[in-house]
Amino acid sequence: MNFTLFKHELFASLKLFAIIIGVLLLYIVSVIYMYNPEMTDMLKKFTETMPEMMAAFGMSSIGDTLIEFLSTYLYGFLLMILPLVFTIMLANKLIMGYIDNGSMAYLIATPNTRFKIALTQALFLIVSIFTLLAVTTLVMIVFEKLLFPNELDLTALLLLNCGLFLLHFAISGFCFLISCSSKDLRTSYAYSAGIPIVFYLIEALSNMGGSLDKLQYFTIYTLFDSDKLIHQDSSSWWMMGALLLIGLLCYSLAIRFFVKRDLHL
Amino acid sequence: MSIIEVNHLTKRFGDFYSIQNVHLQIPQGEVFGFLGPNGAGKSTTIRHLMGFLQPTEGYCSIKGLNCRESTAAIQQFVGYLPGEIAFIDKMTGKQFIHFIAKLRGVSDFTRAEELMHYFELDASGLIKKMSKGMKQKVGLVCAFMHQPEIVILDEPTSGLDPLMQTKFIEFILAEKDKGTTIFMSSHMIEEVEKTCDRVAIINAGKIVAIETIADLKKRKSKKYMIEFQDEQELTRFFDEKYVLEQISSTKVVITITGDLQAFLQSLANYKIMDLDVISQSLEDIFMHYYERGGTES
Chain A
1 MNFTLFKHEL FASLKLFAII IGVLLLYIVS VIYMYNPEMT DMLKKFTETM PEMMAAFGMS
61 SIGDTLIEFL STYLYGFLLM ILPLVFTIML ANKLIMGYID NGSMAYLIAT PNTRFKIALT
121 QALFLIVSIF TLLAVTTLVM IVFEKLLFPN ELDLTALLLL NCGLFLLHFA ISGFCFLISC
181 SSKDLRTSYA YSAGIPIVFY LIEALSNMGG SLDKLQYFTI YTLFDSDKLI HQDSSSWWMM
241 GALLLIGLLC YSLAIRFFVK RDLHL
Chain B
1 MSIIEVNHLT KRFGDFYSIQ NVHLQIPQGE VFGFLGPNGA GKSTTIRHLM GFLQPTEGYC
61 SIKGLNCRES TAAIQQFVGY LPGEIAFIDK MTGKQFIHFI AKLRGVSDFT RAEELMHYFE
121 LDASGLIKKM SKGMKQKVGL VCAFMHQPEI VILDEPTSGL DPLMQTKFIE FILAEKDKGT
181 TIFMSSHMIE EVEKTCDRVA IINAGKIVAI ETIADLKKRK SKKYMIEFQD EQELTRFFDE
241 KYVLEQISST KVVITITGDL QAFLQSLANY KIMDLDVISQ SLEDIFMHYY ERGGTES
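First to last, the sequence lines map onto chains A and B.
According to this note's numbering, the residues represented by the first sequence are 1 to 265, in order.
According to this note's numbering, the residues represented by the second sequence are 1 to 297, in order.
Excised from the complex, chain A in its bound form (with noise of 0.2 Å):
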């Protein structure tokens, strides 16, 4: 790893980094802050209104504790997507980003071999997603201590961000490999953003239940499934398996492309 470029995209997507984060925390403050019994039935009832439209956005059950509660209105989409959009900016960046606007040609005209200049941008994508959720967790067993001591399960809350990473690492894996492989940067954005939202609608559409739930073999989505992390369900434990072998599968396959790829620079 060459620690000089890993410091220049830390300063470089610093900017990124606080947006996302920032936006974030104030999602996540307020629907902690918005947790107590009798928003709980409200919500319960516009699920028994409107089971389809609810049960898209992975709001189907509204759980009685405040995990269940975080698991149906953060995980099923907020937690999703924001990760997403920084995954996405950030892996185009770090590798098509160079060879597009042609300044890689002065990174790997350094004494550092193609597979190092791959491997620091493959760790420093690691790093930022791994950083962003651990703030993420952080703030909220904190805020879950301050406003609801009795209501935190510790290990359930740790299970599921573990999980939510694990789940990200892998579609940054797959984000990162169609930066390393792609012709251009515009094609590299194409597929990097539009299969996993692809992905992801695919589980909306899963979740609405019926002849749809076939589809939920479709997508990566499937292999995160907060009701079992929560409960530690041992089926849980294989997909956090399978997501970590995707992602490092995926993370590979990226570094090899990248090293045996002509660059027109």
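Rather than coming from a laboratory, the hints here were simulated on the basis of the structure.
Treat each hint with caution, since some may be false.
For lysine-lysine, the following DSBU-like pairs were computed, each having C-alpha atoms within a straight-line distance of at most 30 Å [as the list claims (entries may be wrong)]:
id, chain 1, residue 1, chain 2, residue 2
1, A, Lys260, B, Lys217
2, B, Lys63, B, Lys178
3, A, Lys260, B, Lys241
4, A, Lys15, B, Lys241
5, A, Lys15, B, Lys63
6, A, Lys7, B, Lys129
7, B, Lys94, A, Lys7
8, A, Lys116, B, Lys271
9, A, Lys15, B, Lys218
10, B, Lys135, A, Lys15
11, A, Lys116, B, Lys241
12, B, Lys129, A, Lys93
13, A, Lys93, B, Lys194
14, B, Lys90, A, Lys7
15, A, Lys7, A, Lys145
16, B, Lys129, A, Lys15
17, B, Lys178, A, Lys93
18, B, Lys271, A, Lys260
19, B, Lys241, A, Lys183
20, A, Lys116, B, Lys217
21, A, Lys183, B, Lys218
22, B, Lys271, A, Lys7
23, B, Lys271, A, Lys93
24, B, Lys217, B, Lys135
25, B, Lys194, B, Lys132
26, B, Lys217, B, Lys176
27, B, Lys102, A, Lys116
28, B, Lys218, A, Lys93
29, A, Lys116, B, Lys176
30, A, Lys93, B, Lys94
31, B, Lys128, A, Lys15
32, B, Lys241, B, Lys194
33, B, Lys178, A, Lys183
34, A, Lys183, B, Lys271
35, B, Lys102, B, Lys176
36, B, Lys176, B, Lys241
37, A, Lys7, B, Lys102
38, A, Lys93, B, Lys135
For this one, chain A is given, so just place chain B on it according to the hints.
Chain B only, in chain A's frame:
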């Protein structure tokens, strides 16, 4: 022993041959010019030398190291100026230069400072706002700041004003005295004529000639433009046996390859208004190669 070796290099994209069987050997300390029109395959060849592209056939090596396999080792002693001017936009010139130096593991910036001073570059502004010439200077500083033994330059003077081009030529000559091996592509005849020992001319992906600059210069024939007093004088002159080309009713251009003395003596018999030497540039010689290469492919 040749320090840069391009061995029967071919690169094919689909059905299109970007370069075909390019074969070059450059000994240590030589300044080698690589000339050709746009799209002839100059940059493609250079990208192979930098290990950016995988050859379809053949290979290249620098100091005996394979350019595709030992990139990091090669980059220790090679400086490179890309043909495309591209930087990380959000940085100032200085930040970028320091960034690249650190990526190289260089912490001594005295040479970089010297170079910035020599090329009169104020690199404190954002690269995004720099003119093309200033960006090119940033690139040149990056290529030379670690005192490389071998430098590969892709169209180094593009964007530089004529004054800077002259300074650049002096700079290259000074580097040559230090023993630096320089491989540079260009479509500017002048800088190549003034700096290079040898040139290769490439057209449509094929090397059409490799010659020493000295040989090329020898082959230059002299041309004279003569303006006669009137048309009768000119018609009288037609009887002399010279290769000439009439450009107006009283003007001709004569190409002299043989005895200049005899030519001047015969001229004395005519009433002449004006005599001008047209210096034939290497360009004319190259044009000949370009055209030939073009019709072959």
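Holds or violated: Lys217 (chain B) to Lys135 (chain B), with C-alpha atoms at most 30 Å apart: violated (33 Å)
Pairwise hint evaluation, Lys178 (chain B) against Lys63 (chain B), where the allowed Cα distance is 30 Å at most: holds (18 Å)
Proposed proximity, Lys176 (chain B) with Lys102 (chain B) (alpha carbon, max 30 Å): holds (26 Å)
Pair hint Lys93 (chain A) and Lys194 (chain B), alpha-carbon separation not exceeding 30 Å: violated (42 Å)
Given pair status - Lys93 (chain A), Lys129 (chain B), alpha carbons within 30 Å: holds (21 Å)
Hint consistency between Lys260 (chain A) and Lys241 (chain B) [alpha-carbon to alpha-carbon, up to 30 Å]: violated (64 Å)
Lys176 (chain B) paired with Lys241 (chain B) [C-alpha distance capped at 30 Å]: Violated, because 46 Å separates the two Cα atoms, which is more than 30 Å.
Pairwise hint evaluation, Lys63 (chain B) against Lys15 (chain A), where the allowed Cα distance is 30 Å at most: violated (44 Å)
Pairwise hint evaluation, Lys194 (chain B) against Lys241 (chain B), where the allowed Cα distance is 30 Å at most: Given that 30 Å is the threshold and the Cα spacing comes to 35 Å, the pair is violated.
Given hint Lys7 (chain A) paired with Lys94 (chain B) - CA-CA distance at most 30 Å: Measuring from Cα to Cα gives roughly 17 Å; hence the hint holds.
Lys194 (chain B) paired with Lys132 (chain B) [C-alpha distance capped at 30 Å]: holds (23 Å)
Satisfaction of hint between Lys271 (chain B) and Lys183 (chain A), Cα-Cα up to 30 Å: Cα-Cα ~68 Å, so violated.
When the structure is compared with the earlier hints, violations turn up for hints 1, 3, 4, 5, 8, 9, 11, 13, 15, 17, 18, 19, 20, 21, 22, 23, 24, 28, 29, 32, 33, 34, 36 and for no others.
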